[in-house]
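**Q** Take a look at the letters that make up each chain.
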Amino acid sequence: MSTVLDQPSLHVPLHRIPVPKKRWWTADRALGVALAALGATVVAWGLNLFPALLGDEGIYTSQAFSTLHGELTPYTYTYDHPFAGWLQLAPLQGLVRLFAGNDELMVVSGRVVMVAYAFVSLLFVFHIARRLGIRRVYAGLAVLLLTLSPLYITESREVLLDNIALPWVLGAFYLALTPSRRQWLYGLSGMMFGVGVLSKETVVIVLPALAYVIWTRAYRPIRSMSIASFVTLGTMVVLSYPLFALLRNELLPGPRHVSLWSNGIMYQLASRKGSGFVFQPGSARAGLVHQWLALDTVILAVGFGSAVACLFIARVRFIGLAIFLWALPVLKPGGYLPQMYVVLVIPFCALAAAGVVDAVGNGLARTRGSRVTTRLLPVLVAVAAVIGLVNYIPKVRHITTDRGNNQVAVTAQAEAYLKTRITKADNVLVDPSYWGDLVVAGLNHPWQGAIVYYQFDLDPLSSGQYMPQGWQDVDYVVETNEMRDNLTALGLTKLSAAIKHSTVVARFGSGGTLVLVRAVEATPYNQKGVR
Amino acid sequence: MQVLLNALIGVNLAVSVPLLFLGLFTCYWTTYAWHSPENFDETTFVSQRAGTSRFSFSVIVPVRDESLRVMSATIGCLLAQTHDRVQAVLSVGHDDPDTLDHAFALAKADTTGRLTVSISWSDVHNKPTQLNAALSSCTGDIVGLLDAESLSAPDLLSGVDTVFQQTGVSVVQGGVTLTNYRSSWVSLRSALEYYAHHRSKMHFSAARDAILMGGNTVFFKRSLLEELGGWDESNLAEDAEISLRLLSLGHSVTVAYDPNLVSKEEAPVTMRAWVKQRTRWNLGFLQTISKGVWRELPGRQRRLALWHLLQPSLMSFTGLVFPLSVLSYFLCHPPLALAMLTWVPLVPTVLAVVIECVLLRSFTHDHGSQPARVRDYVKVVLSTPIYQMMLSVSAIRAAVKFRRGDFRWDKTMHEGRHLVDGDVQLVEVAA
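Quick mapping for you: the protein sequence lines, in order, are chains A and B.
Residue 531 is where the first sequence ends in the working numbering, and the numbering goes up by one at each step.
Residue 962 is where the second sequence ends in the working numbering, and the numbering goes up by one at each step.
Calculated directly from the structure, the hints in this document are not laboratory data.
All figures in this text were calculated on a predicted structure; none of them were measured in a lab.
We put the beta carbon where it would ideally sit given N, CA and C, even for glycine.
Accuracy of the hints is not assured; some may be wrong.
Said to hold, decoys possible - If you anchor each label on the Cβ, the simulated ranges turn out as follows: (1) A/TYR417 <-> B/LEU858: 50 to 60 Å; (2) B/LEU858 <-> A/ALA116: 37 to 47 Å; (3) B/PRO854 <-> A/ASN444: 51 to 61 Å; (4) A/GLY287 <-> B/LEU913: 50 to 60 Å; (5) B/ASP654 <-> A/LYS21: 51 to 61 Å; (6) A/THR216 <-> B/VAL905: 24 to 34 Å; (7) B/GLU569 <-> A/LYS273: 51 to 61 Å; (8) A/ALA100 <-> B/LEU536: 41 to 51 Å.
To be verified - Which stretches of chain A does chain B cover? Using the computed rule of at least three CB atoms under 8 Å from a CB of chain B, they are: (9) 92-105; (10) 212-226; (11) 257-264.
Stated by the list, open to error - Short derived list, chain B residues pointing at chain A, Cβ under 7 Å: (12) ARG585; (13) SER587; (14) LEU869; (15) ALA870.
This is chain B alone, in the form it adopts within the complex (with noise of 0.2 Å):
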């Protein structure tokens, strides 16, 4: 029994020392746009628009299963920009005859001629595969994609033109915002992940070229994604998979986070919706790990790509050493010294909270939106409990998929919060 209770508190210490560590590195992460003025200043973009626009534009919009409202809401936006010369591509899958209707339907609606619909016939359904069945339609210099929900700036094609002109990178990474913060403490949580995501980490990985990018809002010399040969059909991650590959290829990325340029997405609402998306997601990163691209890259490149793909799985651990830390406290008995010990990864996990807490006043600072409420911050405190089991659970989720092999797209609904009245009118006038 003794022998029990030693490797319990071995056990309790053993996973609280890495944990610090991991957690500080977390906080330390997710603040780097805030480090310093330096920092701040350097991860402001402000688009400054050039006189005249260089590039042309092909946007890939997958949709699948989708409604007419969001698409019409989305292709809408894109259709309004206020760049001169946009191709939006819509590309469906063959066996999705509802969504094809709609895409005909606003084909047929579009008075532009600049929309286009691509027809994916693969019998994989998958968003890689309508991917690349779409880049063989795209004439542009520059591919973009847009998730089917986004809603985009007016201005982001021009700053994105004027960014490819200032700093001659072959990929630029948009911003993108969750505007339905306000439906639930999930969508709440949701949208200060991606607002740190976007405002913050991803300029600490783009700053040491080992950036993980998303799949919304991108944008790449075309000539650069032939070459190399479009999306890997069979990743769920296939942004991070391309993104490797990239970096593996010494190219580098640019991150413009400008608040009045970001694209508005929908958030999930409920906890299964969200615990669905971040199972897909896990699940995309252990098979980017499995398929080994990450090993071509140089030391520290390798190591920071790595802590991306691995972050999410390992911080699902927090949510189970307090438990263990009580636990082992109550049975053991441990030396004060070794007692207090366990309980020293509670400084980053409080950090984290109180750093969600000054995020969410930034992000609603940033955005324009009305000051954040204190209940808004009352839900920030008190769900992070059990987003830290809901963490756990997609990370297991993610884990017993892999080893099953089971990698359909599980993909997420769209409910539409995100449209305000404003955008559907637009778009009806378009459509």
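Next comes chain A alone, as it looks inside the complex (with noise of 0.2 Å):
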């Protein structure tokens, strides 16, 4: 490998070489947090008005609330996800209800501290962007796609797993992106995505996209060390979940005790009921697919049709690759697939989107005598987006102000009348969005006072220890829209009695947002019976 040179050149060792230093405030810097600030005013807009409460909303709440104060769940902690998704929520809201009080709904507050997320996001989207050479006023476009697009500012409000291992996975990518290529920025981005991970299990899907941009663009010399400190750091960070569940004595299946082997592992993937095949109608996948597209079909439509050409750029091949890895479980036949599933895939459409814009602008500009053309092209992109704007502002309107379908204040409603009306010695079964409002008002025990409904039914303490006598023991059931579809769906028959034994007192709201508080008939074992 010697080389031999006639003149000696000085060797002077690069460290000793000034480097001069970046300003860390550029002009990319301002646009990005600009575009972040205005996407996620957009998500604030009304976050308490659209959409609609969904369950799983209140669990991860109700389990953060839990967390602060010092249990991973109000109930037993059944390894259904990890907990490091609500282990982040619960200082944030907590720090929001700081400020909101205690009047807020306990929701509300989980979606404020959403908007951060999608503020961190959206950073991320940009950055990513710019990092892959993308022209600014392109990357710009990516976050006003987001940011104008009805299906991702719905889902981004949601106080969702998935909408907190997004800027995680986002800032993974990121980083392996890194110009300077440095080894350990490799390793962060491992313990990033391994976070991510611990956040929402499903984001594991688009680990094959990550390893393909740190094999195509870590140096070549120093890859394998690069690859190394990023499988490990991002294993071990995964790692501590099984030795947390293993120091629990929960790691496999055993009597008397949940697992992470049984109830985490194979419920998800074995058990769970499977969702349908997409293409037959009528399954549940098909419709979850239709709802998606309802909300929003253009940034779908051109983000898959986008990542067809992302395939064919070696810049941006990895976001196809992420795309079309996001559709697998959603092509496969049977097992579950959850709702929540598309946050995930929203932003690697838009850059996609900007990516395959960015080409066509560079071959325009390759090819001689195309001044025009190349001219042309943010114009014709400036038209699209305006038709697009026209197309999304009634949609987004409608999400920002409508009053319509104001579920939160007829939960709020609900709330307030239970808290006058019922005591800390009544039993009453409860959506997981009430449960942790309800215990602040004084209702505090997991298992008397606000008791979440489905727990009746399926925590093992439920009929071993806390409620022996089934539905005898319930006082009230409030029943929501979300308890009528889990009914039947999760076979909750001991709730099912408790309701045939009621009567309604009180209703609130109406069609969808209907809130029913039933009161359960008197038994010697309620507090009906004992008055």
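Hints in hand, dock the two standalone chains.
**A** Structure (structure tokens):
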């Protein structure tokens, strides 16, 4: 390898050469922050009006609430999801409530936290685009596309683990695209992805795309070391979860305890009710896809169309890869597919579109004598954006100002009624979205006062210890749409019995927001019987 | 009883947290050359030969109880250097008749007239006394050190000459590699450690002017050595000690690691030999710490130099923390968060094992040998706990010897396993 030079060159180690200091606050940073702030504002605008409260939002906010009080969940932690998501949510939600007070619905506090997560995600989308060499204007349009997408706004408002995982995943991609290609940045990228996976396990599906980025972009002579630090640190973060289960003696199934293996992994992968085949009309999967497309056909159509093109452009190939990887479980016949699964793919759709438009711009710039078309491209994109805008405005206005379906208001009314009507000694079966607020109001024990309705059927402590008489132990049932859906979906027989033996004493809202407060008949075991 | 259990958790935590940082810093240090493209390019020294050589060289080879086979191979390589002004100085103790005979036989067989035999008349048998004795016989502008069993690359001195010309420094540290890494898992581990040390760690330290040089394949301006008064004759780590004195005088060291110019050496093959060698190094480091030259260095240099001297002993504690974690978990049932915390030092430990595997890959690649076999990787991974224990044992042995004031030169025996048939033949022609 020795090369023979006639003139010896002066060997000055690089670390002794002063490097000009890079300015931290650049036009890019300013624009990124401005656009992300705009997006976050749209997400925040009317977040308590739309969309309707989802059962899961109540679950995660109440779990975050419990975490602040020293327990991972109000009830037995069943390893349904790793807990890193609501571990992050807990302090932020607590902070919001510090300012908003206890009168604000807990779910709404959770939604406020989601605005911060949306801000970080949008910031990463802009800077990922910039790191890919996409022109500033198209990188900005990618963020705007998200800001105007009804699907993105709707999903990013909901208190979902997917929204919490998203900035971690995008951050991992951002770091993996490092121009300095430092080894420890790849390690950090692995750790961020690990936190993302522990926030919502489904994001692991895009790991091959991230691996592809590192494989193709790392500096060749130090690539093995870069991959080693990515893999090792990422794995160590993820392994902390089984270690947690192991130290609680809940890694493997055993008598009288839940386990990560049977309640976590096997439940999610095998025994959870499947959603059917996507091309079979009437299947749950087809319904979900229809629901996504109804909210926003444009971003998904543009995204998947661009994804195909991305596969042929080396620079952005990983984006196409990520999108198609994401699509695999959607196309898979059978297996459970959750509604919020779509959250992960939306930013990649925007990035794919920006990447393709930018590549087209590059192609036009290279062909001779086409100055006109080169100049025309931004104009064309701007026209498309305006047309899209006109198309979007009614939907976005609906999202930000719709009051017709105000579930939050109905929930607040129902909660206010319950707070005056019931006492600490009553057993009230409620939605998870009510649980935290009622506990804050003083109905504090998870098995007395407010009780999450499905835990009454599902948690072994219910029949074993706290409510051995089944429906006869119950005083009130607060019946919601969510509950009506899950009654059959989860097979809640004890709850059905309680409803059967009850009469409606108050009603709030109508249609999809109908809430019925039901009083269960007096039995020797409930408070009415005692009184 | 409860007090004892709480104390156990306390100790466990008190050990775990600092170990985490020590471990992470060690990983950082080990991988320095691979941190960034800049680091890699900067530390990848490809010798560029200047048109003409400017300096003359005297290379000291201290020998004791050495076989003729090993000596003749080392001297043969030296006399076969492409550089034209080389003096080889064999340094022998007056009380070592067999080795003296070998040295004179080699001198007699030498037709170039460039081999000098220097006899040390000191009654203390150690390396620094022999080095100092030989220094007075040196005539070259630059004095190099080569261990008795080191096979130098033919272009080594030409390359070093160029580095001296280009950088203008007074000291150049060359690379050393252990070639018999397939002899046993001990030698494999040693070879990787040497590789990490010369390929990466030394660059980190040199860039911060806090390098502790090795005692092999090092080159000094002769005037500088004479100004310093040679090596400290009472120190087992005379190489570390002289480095500190150089640093305190404000000299910089250039590290030149070119896989084509490394000296080939023999790694200890058995656990016993390894522990013996490591104990000697640790003992030397302890001596160097107690002599206190490091205190004269300014702030960051001082801390780094101390880290160099203490790191081997500190890291030996890693081997002890996991049994402690398991014990305290089962005995005390600490709160979950605390229990998880005591497992955190596992992160740098696992990272270190993965890094070793990547080093193995890079090492075999750099040295153009066959790619590492799967069983080599398995050896690296599986030997980790025993290796940790050996580190602990050597650290404890050194501490005990230091307390007792037992500073004899417990020399590693050379079996000539690094010699392949080609090397020996070459030398037989020379001898």
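**Q** Look at each hint and say if it fits the structure.
**A** Right, here's what the structure says about each hint:
Taking the beta carbon of each, A/TYR417 and B/LEU858 are about 56 Å apart, inside 50 to 60 Å as hinted. About 43 Å separates the C-beta atoms of B/LEU858 and A/ALA116, a value consistent with the hinted range of 37 to 47 Å. For B/PRO854 and A/ASN444, the Cβ-Cβ distance of about 43 Å falls outside the hinted range of 51 to 61 Å, so the restraint is violated. Taking the beta carbon of each, A/GLY287 and B/LEU913 are about 53 Å apart, inside 50 to 60 Å as hinted.
For B/ASP654 paired with A/LYS21, a C-beta distance near 60 Å keeps the hint of 51 to 61 Å intact. Checked against the hint of 24 to 34 Å, the C-beta distance between A/THR216 and B/VAL905 comes to roughly 26 Å, which is consistent with it. A beta carbon spacing of about 54 Å between B/GLU569 and A/LYS273 agrees with the range 51 to 61 Å that was offered as a hint. Between A/ALA100 and B/LEU536, the C-beta spacing of about 44 Å keeps the proposed range 41 to 51 Å intact.
A stretch counts as covered by a chain when three or more of its residues have a beta carbon under 8 Å from one of that chain; for the stretch 92-105 of chain A and chain B the count is 0, and the coverage is violated. Counting residues of the stretch 212-226 of chain A whose beta-carbon sits less than 8 Å from any beta-carbon of chain B gives 6, enough to reach three: the coverage restraint holds. Under a criterion of three residues with beta carbons nearer than 8 Å to beta carbons of chain B, the stated coverage of the stretch 257-264 of chain A fails, only 0 such residues being counted. The beta carbon of B/ARG585 is not positioned within 7 Å of any beta carbon in chain A (closest approach about 10 Å), and the interface hint is therefore violated.
Below 7 Å, beta-carbon pairs count as interface contacts, and B/SER587 has none with chain A, the closest being about 18 Å; its hint is therefore violated. Hint status for B/LEU869 relative to chain A: violated, with the closest Cβ pair at about 10 Å, above 7 Å. The restraint placing B/ALA870 at the interface with chain A holds, with a minimum CB-CB distance near 5 Å, inside the 7 Å limit.
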